[in-house]
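Sequences listed follow chains A and B, in order. Reading the first sequence from the start, the letters are residues 580 to 986 in the working numbering. Reading the second sequence from the start, the letters are residues 580 to 986 in the working numbering.
You can trust all of the hints, since none of them are fake.
It does not matter which identical chain is used: a pair holds within one copy or between any two.
Below, simulated DSS-like cross-link-like pairs (lysine-lysine); rule was C-alpha separation at most 25 Å, straight line:
id	residue 1	residue 2
1	LYS860	LYS632
2	LYS829	LYS581
3	LYS731	LYS581
4	LYS596	LYS652
5	LYS632	LYS622
6	LYS800	LYS581
7	LYS605	LYS919
Read the hints as simulated data drawn from the structure, not as lab findings.
There are 2 protein chains.
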Amino acid sequence: MKYSNRVTAMQSSPIRKLVPYALDAKARGIKVYHLNIGQPDIKTPKGFFDAVKNFDSNVLEYAVSNGIPELIKALQDYYTTYDMHFDSDDILITNGGSEALLFTMMAICDPGDNLLVPEPFYTNYNGFSQCVNVEVSPITTKAEDGFHLPPKEKICSLINPKTKGILLSNPGNPTGTVYTKEEVSMIAQIAIENNLWIIADEVYREFVYDGLDYTSFGNLKEVEDRVVIIDSVSKRYSACGARIGSLACKNKTLIAQILKLCQGRLCVATLEQIGSVQLYKTPVSYFKEVNEEYKHRRDVLYNELMKVDGVVCEKPTGAFYIVAKLPVENAEDFVIWMLKEFSKDNETVMACPAEGFYSTPGLGRNEIRLAYILNESDLYKAATLLKEGLEQYLLLPANSKVSPVEA
Amino acid sequence: MKYSNRVTAMQSSPIRKLVPYALDAKARGIKVYHLNIGQPDIKTPKGFFDAVKNFDSNVLEYAVSNGIPELIKALQDYYTTYDMHFDSDDILITNGGSEALLFTMMAICDPGDNLLVPEPFYTNYNGFSQCVNVEVSPITTKAEDGFHLPPKEKICSLINPKTKGILLSNPGNPTGTVYTKEEVSMIAQIAIENNLWIIADEVYREFVYDGLDYTSFGNLKEVEDRVVIIDSVSKRYSACGARIGSLACKNKTLIAQILKLCQGRLCVATLEQIGSVQLYKTPVSYFKEVNEEYKHRRDVLYNELMKVDGVVCEKPTGAFYIVAKLPVENAEDFVIWMLKEFSKDNETVMACPAEGFYSTPGLGRNEIRLAYILNESDLYKAATLLKEGLEQYLLLPANSKVSPVEA
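Chain A on its own, in the form it takes in the complex (with noise of 0.2 Å):
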C-alpha cells in the first residue's frame, strides 16, 4: 500500500521528538524541568469544572455544529471587552484552535496556495498546512531584532499570484514577540492592496507584558471582511485539555464556507463547551494576577540566560516563551547534551530546538524555544540550570567554536 506524500512529508513534532530522552534521564532517577512546552501550572478557573459536574441530562447529546449558543453569546461579550462587535453567526466553535486554523487554511487555500507566515513561527502552522497542501512563505525574523517584521517591501516580495493570506500570530509562538501597532497596520495595507485574508491567531492576546499597548486585527475596520480571529481557551484559562477553540470573521460567506467543515465532523465535545462558557465569564482581575505571575517568570528566565556571553535574545514582552539565540552550532545537540550527560543535584532542564520553528532550511539551528510556564521558585532552578549547562557545554572541546557572530 502506499502512503501520502503530503504526511509522509511533515515532520513529527520537534516539541515532542525528543521526549524519549527525557524518559531516559527520569529513568535515572533525574528531575527533568520541562522548559520545551507551553503546559501552563495555573489554576483552571473552578467555574469550569463546576458547570461540566452540574450537567444533568441522561443522554449526552450532539451539540449543534456552530456551537452552543451560550458559548458563542460568551465569546461575543468577551470580544465587547476588546472593542470588537461580533454578531453571533460570525463566531464558530471549533476543535481547538488547531481545528480553526486547520479549517480557515482549507476554506482559502486550495493545493498548491501559500500562505505568507513571519518565522520562526508555531511549529503545527507547517503541520497543518502541509497536511492539505498548502505551503507557507516564510517572512524571516530575526533574533537580533527581537523577532519583529521586515519592512513592507520585503514582505510585499514574498507574495506571488497562488498567496492567499498572511498567517500570524500576535503575541508569538514561539518568539513572545507583541507586533506595534504599525506593523498590524502594515499587514493590514499590503492584505488589502494585493486582496489576501489575513488569519491572526490571537490565542495569547491577554499575555502581554510591560504596560505595552496590543493592538488586534480585529480593531481594524478596514481590512474586517478579510480577517479571520483564531482564538482558544487553552492558554488564556489554563484549559489545554478541553480543546476548545474559535474563530470569529465578519465575511458572512467565509464563515458560510467554514460551517460546512464543521457540520462535516458534526460538532465538538458538549460537556467542555458548556464548561468553557464559565471561562469566558472569568473575572478581569484573574488575567491580572496571571499576567503579574508570567512577567516575574520571564524576568527570571530571561535574565539568567544573559549571563551567558554570546546568548542573542531582545526581551520578549508577550505570551511564554523565549527564542534565544545561543553560541552554539547545534542546539538540538545542546538539548539532548543537557538530558544525557549534564545533571547537578540530580536535576536537569528540557529545551525545545528551535530550528523546526523555522521553514527555511538551516534557520533556528542554534536557537532553542523556552516556555516560563513553571512556578518561579521551580522556574529559577531551572534557569539556574540552564545557564550552568549551557557555560559548561561551551566549554567543551567540540562546542566553544562558534562565535556569536558565526553563530
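Dock chain B against chain A, hints included.
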C-alpha cells in the same frame, strides 16, 4: 479575497439543510418527529458522567496526542472480546470517528487520488474527501438488492491507478445493510489483489439484528496490514456529544504517519477521554437490551412503510437506519411537503432525502433515509404519520404519476 474550490464545492449537510422547514412547522405549533438524524434517545451509561465528575485535578492539562493510556487499554480489551488483538500503539484516539476518517484519508491519499465507496454512503464521507481533494468512486448498490455489493468484476472495473483504498461502513449508514462474510472476504481479496487499503467504519458493530453473524474486517488475518478500523463511542454508548473516536491498525508505518496528524492537533479533550474509559467497560447486557430495543423500533417503522404501495425496501439488518425508495419523483419535495403542508392532530414527521448520500448524479432522488431513534410509542406515531402523509401525497395530482418501476 478568494475562497477555495475544494470547500466551495462541498454540499451543505443534506441531514441539516431542511432544518428551517422544521423550525417553521414548530413555530406554527406543530410537533415534529425527527427521523432525519441519528441522535439516539438511549441513556448514556452513567459511568461516563461519574468519571467526569470525579476528575479532581486543578489544571485541565493537555492529554498525550495518541490518547490516554487508560482509554487505549479499554479499547484493546473491548476488541479482544471480538477476537481482535491490537497492541497499545496500534490505536489512536481521535475527535470522533470523523477525525479518524479524515486523518486516514489524508495519510493514504494525495490530492487527485480516489477511494472506492459503496453508495449510498454516509454523507460526510463526501465532505471529508472533498476538503482534502480526494475523490469518491461510487460502487452503486440498490434498494432492490438490500444495498448489498455488486459482483467482484464490477467493483474491480472501478479501480484505476489513483485508487488507494476501499472505504465502507458495516453495518451501513444510511442503508442498515450488514455485509455477509462472503462480501467482506471479497473486499479483502480485491484489496490484496490491487494493493489497496481498507477503511472499515464499524461504529455500528453491535447494531446487528435477527441473530445475524457479523464479520469485522479486523478478523481477517490476511489483510491485517492494510485494514484501518474506525470506531466511535457516539452511537454504541449513546454518547454522540463526547466526540471520542479512534482508529486501530496493525500497520505501524501508517500509525506513525497518522500520529503526526494527531500531534498537529495536540490532543483530544481530556475529560471526555476519562469518561469514555468507563463506556468501554459497559457490560455486554447493555448492548443486548439496546439491541432488542432497536430491533423493535426497526420492525415498527419497516412494517408501516411496507403498507404503502410502491415503497421499495429490503428489511435492513443493522445500524438504525432505513433507506426506502418511494413511489414519488422527488423525495426532497415530499419531505418538505410533510413539514409545510401535512399535519395530523398537529403532528408531522421529518425524514431525510437520500440524494445527498449518493455521489452519482440523479441517484437517490426518490429515496429517503429514516433513523429509528425514537422510543417505541413515539416511533409508532411517527411511522403512522409518515405512512398517512405519503398516502395523501401520492393522491396529489402532481405526485402520483411515477410508477414504482420507473422510480
